[in-house]
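Chemist: Sequences and hints are given; from them, build the entire structure.
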Amino acid sequence: MASTAPEKEDPTAPAPVLGPGQTYTTVTQKISSIITSRTPLGWIIGVALALGLMQCFALGVTWLLIKGVGVWGLNVPVGWGWAIINFVWWIGIGHAGTLISAILLLMRQNWRNSINRFAEAMTIFAVICAMQFPLLHTGRPWIAAYWLLPYPNSMGVWPQFRSPLIWDVFAVSTYFTVSLIFWYIGLIPDFATLRDKAKQKVSRVIYGILSMGWRGSAKHWHNYEMTSLLLAGISTPLVLSVHSIVSFDFSVGLVPGWHATIFPPYFVAGAVFAGFAMVLTLALPLRAVYGLHDFITDRHLNNMSKVMLATGLIVAYGYGMEQFYAWYSASTYEGYMMQNRTWGPYSFEYWMLILCNVAVPQLLWIKWVRLNPIMLFIVSMFINVGMWLERFIIVVTSLHRDYMPSSWDMYRSTPWDWLLYIGTIGIFLLGMLLFIRVMPVINIVEIRLLVPRKGHDKKPDHDASADASAD
Amino acid sequence: MAENSIYGLMAEYDNPDDLLHAAQGAYAAGYRNMDAFSPLPIHDLSESLGYEKHRVPFWVLFGGMVGACTGFGLQYWVSVIDYPLNIAGRPFLSWPMFIPVTFEMGILFAAFGAFLSMLILNGLPQPYHPVFNVDAFESASSDGFFLCIEAEDPKFELSETRNFLEGLHATKVVEVES
Chain G
111 MASTAPEKED
121 PTAPAPVLGP
131 GQTYTTVTQK
141 ISSIITSRTP
151 LGWIIGVALA
161 LGLMQCFALG
171 VTWLLIKGVG
181 VWGLNVPVGW
191 GWAIINFVWW
201 IGIGHAGTLI
211 SAILLLMRQN
221 WRNSINRFAE
231 AMTIFAVICA
241 MQFPLLHTGR
251 PWIAAYWLLP
261 YPNSMGVWPQ
271 FRSPLIWDVF
281 AVSTYFTVSL
291 IFWYIGLIPD
301 FATLRDKAKQ
311 KVSRVIYGIL
321 SMGWRGSAKH
331 WHNYEMTSLL
341 LAGISTPLVL
351 SVHSIVSFDF
361 SVGLVPGWHA
371 TIFPPYFVAG
381 AVFAGFAMVL
391 TLALPLRAVY
401 GLHDFITDRH
411 LNNMSKVMLA
421 TGLIVAYGYG
431 MEQFYAWYSA
441 STYEGYMMQN
451 RTWGPYSFEY
461 WMLILCNVAV
471 PQLLWIKWVR
481 LNPIMLFIVS
491 MFINVGMWLE
501 RFIIVVTSLH
511 RDYMPSSWDM
521 YRSTPWDWLL
531 YIGTIGIFLL
541 GMLLFIRVMP
551 VINIVEIRLL
561 VPRKGHDKKP
571 DHDASADASA
581 D
Chain Z
326 MAENSIYGLM
336 AEYDNPDDLL
346 HAAQGAYAAG
356 YRNMDAFSPL
366 PIHDLSESLG
376 YEKHRVPFWV
386 LFGGMVGACT
396 GFGLQYWVSV
406 IDYPLNIAGR
416 PFLSWPMFIP
426 VTFEMGILFA
436 AFGAFLSMLI
446 LNGLPQPYHP
456 VFNVDAFESA
466 SSDGFFLCIE
476 AEDPKFELSE
486 TRNFLEGLHA
496 TKVVEVES
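Chains as they are written, first to last, in this note's numbering: chain G, 111 to 581; chain Z, 326 to 503.
Source of the hints: derived by calculation from the structure; they are not laboratory data. Here a beta-carbon is modelled for each residue, glycine too, at the ideal position from N, C-alpha and C. The reader is advised that the hints may include incorrect statements.
Unchecked claim - Not everything, but these chain Z residues come out facing chain G in the computed CB check (under 10 Å):
no., residue
1, Ala361
2, Phe362
3, Gly389
4, Tyr453
5, Ser467
Modeler: Right under this line is the structure:
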């Protein structure tokens, strides 16, 4: 609070996005030092934990492949369980990365510059985690390839292009590829910085290869900036399409509770909501551990909280609309589905979802909460849980009591569901930790753009302490 | 190796504004074969060196069109020609159902177009370039700003160009070995 006091004189003047006194030299030094410095103990502990969690994944996959999908809690009528829940959860988390790197770039929100890199990394690893589930839910992924991907096979059959599940394959694989390209293009100039900063020959060669001989010439920047802008332009409709298509998996079906036109926008808003919660879940510890307070400032926390609040309200509107539809449709099945969802055997999960996604985020109206890292972390964790519950509620409560009461049944997950889910958290953590260790966690070029030019001009002596001579 | 053959003269600047002024000055003085190097994109710098045209957008559009046609063509060929299936009595060419894959393929190829055209237009990957022979050039990726006038330029004349660059507030002017 105290640090934002000076801005109160002019409420229209935004708080700084970069701490005071930073120059090109200091931002380069600070961000690359995360990589060039010694491996911190906490990082090693984190990797050990992530590898431990990944053992769960190995165990879960092995047993699944030996026994088949029967080891999960799936049975008629609930044929879709944790696999699709986890898939949608992870994909949704990824969306904040693209929102930050693409949509906020187009809107010239320069506060995004310091969070876009690791938000994009988060997208990549979240999509990797998400992709495990559609692959594994086939039980025998090596046989299933022919109905996932169109390739000429000996049976002469093709995927069913009229199915949203195939749209999903194309949407998610395109999303992953485009995110990777966007991420890599952003990294090229930063790899060049690391190449020039590297102390060891090996890292110099590796970063040299990754930077492709980037020289930072005016011609390079000329094409680079246009490419970034265009990729942002094409990623924007892409990210909106991906979660819309994910929502088609449900809304194209005729199951009560799924067949609703609100699904695409409601899913996209939920994805951004979940994604920003995950960005905060990662950014707050990262900022504390590496002392990045000059780059991830109070303004970032404030803005991200506001995005979460806004998207959270859209999601809450979605919940309200689902209730409204159930009543207004005058359909017995829709009406019963909603009554069952709210007061039936899964009502505990439903009200926990309302608590996590609707009630707790209202704390973000309070400025103190938005600027308090601990409070923000707690709220983000609630949202992470809440968004998982949302997918659980949509999938399970809609299926377990549908049209025919004689087939009604309860759905229970098994330990193998848990192992796979926890295992993907391990994959995600390991990916993020490796990323933090070997790549610039903050986009150095875009932070240089935030350095005030005049302040830099006043310091012609900064070359005296030039770090270039350190090599 | 060949001491006599130099690639050009490189002037170092302290900040983006000096580099921009120097680039504009050099262009006005008639130098054309030159390039500026900076750790961050500088507004107007490439324009002041004469790079006006943006070629990337064409390739993005081209990629997008090729991708969308490929996506739609694939679905048309599969669903109408190679293996027509009657799904719920819908026409074989049920084009509204083909839009999502068409769209995604368009985006995918547009991204390939952006990535590849950026690399090719920039001549990357390029393992060797003479400017890396300058020791101080390491700072071009952190806090140094450089302008290099190449020996190929018709107006290039070693001592004259050196004086010219020094006159444009360069902190240092060095020869670049080729």
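Chemist: For every hint, state whether the structure bears it out.
Modeler: Status of each hint after checking the structure:
no. : hint   : in the structure
1   : Ala361 : holds (4 Å)
2   : Phe362 : holds (5 Å)
3   : Gly389 : holds (7 Å)
4   : Tyr453 : holds (7 Å)
5   : Ser467 : holds (4 Å)
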